[in-house]
Amino acid sequence: MSKMVNLKINNIDVSIEAGTTILSAAEKLNIKIPVLCYHKDLCIAGNCRVCVVEIVGSRKLAAACATPVSEGIEVMTNSLLVRNARKHIIELLLSEHNADCTKCYRNGNCELQDLAAEYKITNQDFIDMAHDGVYSIDDLSASIIKDDSRCIRCQRCVRTCRELQSVGALAVAHKGSEMKISTFFDRPLAEVVCTNCGQCIIHCPTGALIEKTYIERVWDAIADPDKHVVVQTAPAVRVGLGEELELQTGERVTGKMVAALRRLGFDSILDTDFTADLTIMEEGTELLHRLKANLVEGDHTEPLPMTTSCSPGWVKFFEHTFPEMLDNMSTCKSPQQMFGALAKTYYAKKVDVDPENIVSVSIMPCTAKKFEANRPEMRDSGYKDVDFVLTTRELAVMIKQAGIQFVDLPDEKYDSIMGKSSGAAVIFGATGGVMEAALRTAYEIVTGREVPFENLNIEPVRGLEGVREATVKIEKVLPEWKFLEGAELKCCVAHGLSNAKKVMEQVKSGEKEYHFIEIMACPGGCLGGGGQPIPTNDEVRKKRMKAIYDEDTSLAIRKSHENPEIVQIYKEFLGEPLGKQSHKLLHTEYFERQRY
Amino acid sequence: MGKNMLKRIDLIFKNEHDCDIILEKIFKRTNEELINDLIGSGLKGRGGAGFPTGLKWKLTSEAKGEAKYVICNADEGEPGTFKDREILTQVPHKVLTGMAACGRIIGAKKGFIYLRAEYNYLKPSLQKEIDTFHETLKKLKSDFRIEIFSGSGAYICGEESALMESMEGHRGEPRNKPPFPTDAGYLGQPTVVNNVETLAHCWTIFKHGPKKFRDLGVQDSRGSKLFSISGDTPTPGIYELELGMSLQDFVDDFGDGDSKAVQVGGAAGFCVPRKKFRETAIGYQGKLTGISLPTGGSMMIFNSSRSMYNVLKNYLEFFEEESCGQCTPCRVGCQQLLRGIEAVKRGDKPHYYLTKLLRLTETMKMTAKCGLGQSVANSFSSIVENFREEMIY
Ligand SMILES: Cc1cc2nc3c(=O)[nH]c(=O)nc-3n(C[C@H](O)[C@H](O)[C@H](O)COP(=O)(O)O)c2cc1C
Ligand code: SF4
Numbered sequence: 001m002s003k004m005v006n007l008k009i010n011n012i013d014v015s016i017e018a019g020t021t022i023l024s025a026a027e028k029l030n031i032k033i034p035v036l037c038y039h040k041d042l043c044i045a046g047n048c049r050v051c052v053v054e055i056v057g058s059r060k061l062a063a064a065c066a067t068p069v070s071e072g073i074e075v076m077t078n079s080l081l082v083r084n085a086r087k088h089i090i091e092l093l094l095s096e097h098n099a100d101c102t103k104c105y106r107n108g109n110c111e112l113q114d115l116a117a118e119y120k121i122t123n124q125d126f127i128d129m130a131h132d133g134v135y136s137i138d139d140l141s142a143s144i145i146k147d148d149s150r151c152i153r154c155q156r157c158v159r160t161c162r163e164l165q166s167v168g169a170l171a172v173a174h175k176g177s178e179m180k181i182s183t184f185f186d187r188p189l190a191e192v193v194c195t196n197c198g199q200c201i202i203h204c205p206t207g208a209l210i211e212k213t214y215i216e217r218v219w220d221a222i223a224d225p226d227k228h229v230v231v232q233t234a235p236a237v238r239v240g241l242g243e244e245l246e247l248q249t250g251e252r253v254t255g256k257m258v259a260a261l262r263r264l265g266f267d268s269i270l271d272t273d274f275t276a277d278l279t280i281m282e283e284g285t286e287l288l289h290r291l292k293a294n295l296v297e298g299d300h301t302e303p304l305p306m307t308t309s310c311s312p313g314w315v316k317f318f319e320h321t322f323p324e325m326l327d328n329m330s331t332c333k334s335p336q337q338m339f340g341a342l343a344k345t346y347y348a349k350k351v352d353v354d355p356e357n358i359v360s361v362s363i364m365p366c367t368a369k370k371f372e373a374n375r376p377e378m379r380d381s382g383y384k385d386v387d388f389v390l391t392t393r394e395l396a397v398m399i400k401q402a403g404i405q406f407v408d409l410p411d412e413k414y415d416s417i418m419g420k421s422s423g424a425a426v427i428f429g430a431t432g433g434v435m436e437a438a439l440r441t442a443y444e445i446v447t448g449r450e451v452p453f454e455n456l457n458i459e460p461v462r463g464l465e466g467v468r469e470a471t472v473k474i475e476k477v478l479p480e481w482k483f484l485e486g487a488e489l490k491c492c493v494a495h496g497l498s499n500a501k502k503v504m505e506q507v508k509s510g511e512k513e514y515h516f517i518e519i520m521a522c523p524g525g526c527l528g529g530g531g532q533p534i535p536t537n538d539e540v541r542k543k544r545m546k547a548i549y550d551e552d553t554s555l556a557i558r559k560s561h562e563n564p565e566i567v568q569i570y571k572e573f574l575g576e577p578l579g580k581q582s583h584k585l586l587h588t589e590y591f592e593r594q595r596y
Numbered sequence: 001m002g003k004n005m006l007k008r009i010d011l012i013f014k015n016e017h018d019c020d021i022i023l024e025k026i027f028k029r030t031n032e033e034l035i036n037d038l039i040g041s042g043l044k045g046r047g048g049a050g051f052p053t054g055l056k057w058k059l060t061s062e063a064k065g066e067a068k069y070v071i072c073n074a075d076e077g078e079p080g081t082f083k084d085r086e087i088l089t090q091v092p093h094k095v096l097t098g099m100a101a102c103g104r105i106i107g108a109k110k111g112f113i114y115l116r117a118e119y120n121y122l123k124p125s126l127q128k129e130i131d132t133f134h135e136t137l138k139k140l141k142s143d144f145r146i147e148i149f150s151g152s153g154a155y156i157c158g159e160e161s162a163l164m165e166s167m168e169g170h171r172g173e174p175r176n177k178p179p180f181p182t183d184a185g186y187l188g189q190p191t192v193v194n195n196v197e198t199l200a201h202c203w204t205i206f207k208h209g210p211k212k213f214r215d216l217g218v219q220d221s222r223g224s225k226l227f228s229i230s231g232d233t234p235t236p237g238i239y240e241l242e243l244g245m246s247l248q249d250f251v252d253d254f255g256d257g258d259s260k261a262v263q264v265g266g267a268a269g270f271c272v273p274r275k276k277f278r279e280t281a282i283g284y285q286g287k288l289t290g291i292s293l294p295t296g297g298s299m300m301i302f303n304s305s306r307s308m309y310n311v312l313k314n315y316l317e318f319f320e321e322e323s324c325g326q327c328t329p330c331r332v333g334c335q336q337l338l339r340g341i342e343a344v345k346r347g348d349k350p351h352y353y354l355t356k357l358l359r360l361t362e363t364m365k366m367t368a369k370c371g372l373g374q375s376v377a378n379s380f381s382s383i384v385e386n387f388r389e390e391m392i393y
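These protein sequences, in sequence, are chains G and B. By our numbering, the letter at position 74 of the first sequence is numbered 74, and the numbering carries on one by one without gaps. By our numbering, the letter at position 7 of the second sequence is numbered 7, and the numbering carries on one by one without gaps.
Where hints are given, some of them may not hold.
[What the hints assert, rightly or not] Restricting the straight-line Cα-Cα distance to at most 16 Å, the calculated cross-link-like pairs of lysine to aspartate or glutamate (EDC-like) are:
# : chain 1 : residue 1 : chain 2 : residue 2
1 : G       : Lys501    : G       : Glu488
2 : G       : Lys87     : B       : Glu321
3 : G       : Lys180    : B       : Glu362
4 : B       : Lys356    : G       : Asp125
5 : B       : Lys349    : G       : Asp125
Hints were generated in silico from the structure; no laboratory data involved. Remember, predicted model here, so these are calculated numbers, not experimental data.
Taking the hints into account, I'd like the entire structure generated from these sequences.
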C-alpha cells in the first residue's frame with residue numbers, strides 16, 4: 001500500500017494516498033471545487049486556474065487539479081482569498097468570451113455559463129474583448145463547427161485530439177493575446193487530418209466546438225407532404241438519449257425513442273440495428289473468405305488481418321495514417337450506409353415509393369457519420385444514400401422543440417421492414433460488440449454450433465480496457481470449412497484512435513499477428529461517440545455499456561443470422577452474402593489521404 | 001558623483017584559464033565538501049528566482065532518476081540585458097567548468113546550453129571551446145559531455161520548465177509545479193537548471209574558496225553580480241558590483257543627476273521612485289522595502305523627462321505579447337491591464353478603475369501558473385502606486 005498523507009480540507013481531517021491531487025481529495029469529502037480545463041479523460045493541464053485553493057501559509061494559491069496533497073497542509077477551498085481570485089478569473093474568461101449565450105448552440109449546457117451563474121457574475125467591469133477581435137468561424141466541415149469566439153483556451157480539445165485520438169488536428173498556435181487553438185496552417189478542419197470523430201466536441205466545456213446541425217433540414221423534409229421520410233437509429237442512441245431528456249444515465253429508452261420519432265412525424269421508424277445484423281453477415285463472410293484465400297489458396301490480395309470498417313472516424317484516420325494497408329480494411333460499408341443504400345432500393349420497392357421522394361435520415365451517436373454520408377462514394381442507390389445525419393443530441397433538441405414529454409411516452413415498436421434486429425446488432429454500440437457479434441455468427445457458420453461461451457456472452461472482448469485480445473479455437477468444423485479445423489482465430493479489439501494506432505503499428509511491424517481486428521474511433525465505442533450527450537466520461541460510459549448488454553440479453557434473437565428480416569432480404573433481394581447485389585450496394589472502397 | 005563611486009568587482013571576467021587545475025581539484029574532493037562550499041558561499045541563482053544554488057544541487061544529487069542533466073540557461077530574454085552573452089563570449093570556460101562540477105556532484109553525464117536563438121552566431125566559437133573542454137575532461141577521465149541546444153526564440157522559454165518542454169520538442173509552455181526540475185526535469189529526470197552567470201560564479205567559489213565570494217555583499221545577498229545598466233545614464237554598460245548597495249549610491253554613481261526612478265530587474269521587476277532610493281537596497285531581501293533583485297540584473301534609470309505611463313505601457317505590451325497564453329490570469333490579465341490603463345488615460349474609465357486593476361494584479365500574482373504572470377504585478381503596482389497622476393493626466 002502506498003503512503004498515506006494527512007491534511008485538512010476546510011477544517012476536515014483527511015488521510016489519503018500520497019500523490020492524490022487536492023481536487024480528488026476534496027471530491028472524496030464531497031467538496032466540489034470548480035474546474036474548466038480539467039476533464040477526467042485527459043491529462044492535467046492546470047491552465048484555467050479556476051480550481052485555485054488556498055494552502056494556509058502559502059503566498060500563492062494552488063491549482064487543486066495539479067497540486068498533490070502533502071503532509072500537514074491546511075487547504076481552504078472557499079476562503080475570501082479563493083473566492084475573490086476565482087471570481088476574477090471567471091470575469092477574465094468572460095471578458096474574452098463571446099458570451100451571447102442566447103445565440104449559442106450550447107446554451108444551457110455550458111460549463112462557463114454554469115460557473116458564471118454560480119458566482120453570480122452580473123457586473124462586467126473588465127473591458128469586453130470578445131467583440132472586437134476578429135474571430136473566424138470554421139463551418140466548412142460536414143461534421144464540426146469551430147467558433148474561436150467561444151473558446152476559453154482550456155486546451156481540452158487539443159489534449160483530446162492528441163492523447164485520446166493521436167490525431168493532432170488541433171494544436172495551440174501563437175502566444176500571448178494571440179494564442180488560439182488552431183490547425184495545420186490554420187486550415188479549415190475539412191482540409192486537415194481531422195477524423196470528424198467529434199471527441200473534441202464532447203470534451204469542449206463551451207460552444208467553441210459543436211456539431212454541424214441539420215435539424216432544420218429535417219424539419220423541412222418532415223413538413224414536405226411529397227417526401228417520405230425514413231429514419232434509422234443507431235444502437236448506441238437508445239442508451240444515451242435519455243440523459244438529454246431528464247432520465248438517468250444508462251437508462252434504455254428504445255421504446256420511448258421510437259414513440260417520440262413517430263410523434264415527430266417521420267413516416268417510417270426503422271433501425272440501423274437491422275443493417276448491423278446485415279454487416280455481420282457480410283463482414284463475417286468476408287472474414288471467412290479472407291481466411292480461406294490467405295491460408296489455403298495463398299491469395300493475399302485481400303490480406304489479413306481484416307479490420308472492421310463501421311466507424312467512419314476510424315476509416316478516415318486509417319486512410320490518413322496507414323494508406324499502405326488500405327486492403328486490410330473490410331470492404332463492408334458501415335451499417336448506416338448499408339441502410340441508406342437499401343432504403344432507396346429494397347425498401348423503396350417494398351413500400352412502393354419513388355426513391356426520388358425518400359428522405360433518409362439517421363440518428364447517430366457520432367459526428368463522423370455526417371462526413372461519411374457526404375462521401376462521394378456513398379450514392380450506390382443512385383441517390384445520396386443518407387440525406388441527413390443527426391446526433392443523439394440533435395434528436396433530443398427536436399423532441400424538446402416538439403413539446404414531447406419524453407419521460408411519459410409509452411414504449412412503441414419499430415416499423416417493418418428493416419426494423420427488426422438481434423441482440424448481436426445492439427452490442428455494436430459498445431467496443432468489442434462487432435467482434436462478439438461476428439464471432440457468434442461466424443463460429444456457428446463454420447461449426448454448426450453456438451460459440452462456446454456461457455449465454456453467448458463473449459466476456460474476453462468486453463470492457464473498457466484500451467486494447468483487448470482473444471483467441472478462439474475452432475474445432476469440429478463442418479466439412480466445407482475443413483481447412484479451419486483446429487485453427488486459432490486471433491482477435492483484437494481496440495477503441496480510441498490512440499489505441500488503434502498502437503495496434504496497427506504493431507501489426508505493421510510484425511510484432512503482433514491477428515486475423516481480425518475491431519476498431520472503434522471513440523473511447524468506449526459508439527456509446528461514447530462524439531454525438532452522444534455531454535458529459536461523457538468513463539463513469540458514464542460504463543453505465544451506457546451496461547445498458548447495451550442488458551438490451552442484448554433482453555432480446556429473444558441474439559444472433560444476426562437468425563434475424564428473420566435478414567433471412568428475408570437475402571432470399572428476396574440480395575441473394576447471398578458477398579453476392580453481386582451486396583457488392584454493389586453494401587461494399588465500398590478506400591482512398592489514400594494526405595497526412596500533412 | 002566621482003566621490004561616491006561604488007566598488008567595481010573583477011571576478012567574473014578576470015583573466016583565469018586554468019580549467020584543468022580547477023577541475024582536477026574538484027574531482028578530488030567529495031560531493032559533500034563541494035556542496036558545503038557552495039552553500040557556505042551564499043550563492044543564489046542569478047537568473048531571477050534567487051534560489052540557493054548549493055541547495056538546488058544538493059536536492060538534485062539526492063533525487064532518484066535513471067539519468068540526470070545539467071542545463072545552462074542562456075536564453076537571456078529580458079530586454080536590455082546582455083550580460084550572459086558577454087560571459088559566453090569572454091569566459092565560456094568558466095561556465096563549462098561550473099557545469100562539469102555540477103554534473104560531477106549530481107551524477108549527470110550530460111549538460112546542455114540552452115542558447116537563445118539570437119545568440120546563434122556564438123555557436124561556432126562556443127562549440128570550439130566545448131571541444132577543447134571535452135579534451136580536458138577526457139584527460140581527467142570524466143565522461144561528462146556538453147551540447148548546445150538552440151532556443152526557439154520566445155521569452156517564455158527562459159522559464160525553466162518551458163525551456164525543458166521546448167527541449168523535448170513541445171510548445172514552450174511552463175509546467176505545473178511541483179514536481180520541480182530537481183525531481184522531474186528534462187525528460188522527467190532530475191535536472192539542475194542554472195543561469196549562465198550563476199555557473200560562472202561557481203568557478204570563483206571553487207577556485208578561490210567560498211570565503212572570497214561570501215566576503216562580498218550583505219546578509220542574505222552574498223557575492224557580486226553583473227548589472228546591465230541602461231536608460232538615462234552617461235555610463236551605460238555591464239558592471240560587476242557588490243550586492244547590498246543602496247539605490248541612492250547606485251544612482252549617485254550611474255545617474256545623470258536628474259534620476260526620477262529606477263526600474264530594478266526589467267519588466268518583471270520593481271520601479272523605485274526617487275523618494276525611496278535611500279531606503280532601498282539591491283539584494284535578495286531589501287531591508288526596508290522588501291525589494292528583490294530580479295532577472296538578469298537589469299537596471300534602467302529614468303530621468304524627469306520620461307513618462308512613466310509610457311514606461312508601464314511598454315512593459316505591458318511586452319507581457320501581453322510574451323505571455324505563453326496558456327493560463328487565464330496571465331493571458332487575459334495582461335490584456336486587461338494594458339487596455340485598462342489606456343482607457344483610464346483616455347478618460348473612458350474613471351481613475352478609480354486603477355484600483356480594480358491593482359486588485360487584478362494581486363490575483364495574477366497569486367494564481368498565474370508561472371513567474372511571468374506572477375511578476376506582472378511588480379512593475380504594475382510599483383509604477384501605478386508611485387506615479388498615479390501620470391497614469392491619469
Ligand atoms: C518568464 C521567465 C523568463 C525567464 N528567463 C530567464 C532567462 O532568460 N535566463 C535565466 O537564466 N533564467 C530565466 N528565468 C528563470 C528560470 O526559470 C530559472 O529560475 C533560472 O534559470 C534558474 O537558474 P538560477 O537558479 O541560476 O537563477 C526566467 C523565468 C521566467 C518566469
Ligand atoms: S503565467 Fe503567463 S507565461 Fe506563465 S504559464 Fe501562465 S500564461 Fe504562460
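Hint-by-hint comparison with the structure:
{"no.": "1", "hint": "G:Lys501 <-> G:Glu488", "verdict": "violated (24 Å)"}
{"no.": "2", "hint": "G:Lys87 <-> B:Glu321", "verdict": "violated (24 Å)"}
{"no.": "3", "hint": "G:Lys180 <-> B:Glu362", "verdict": "violated (26 Å)"}
{"no.": "4", "hint": "B:Lys356 <-> G:Asp125", "verdict": "holds (9 Å)"}
{"no.": "5", "hint": "B:Lys349 <-> G:Asp125", "verdict": "holds (10 Å)"}
In the structure shown, a violation is registered for the earlier hints numbered 1, 2 and 3, in ascending order.
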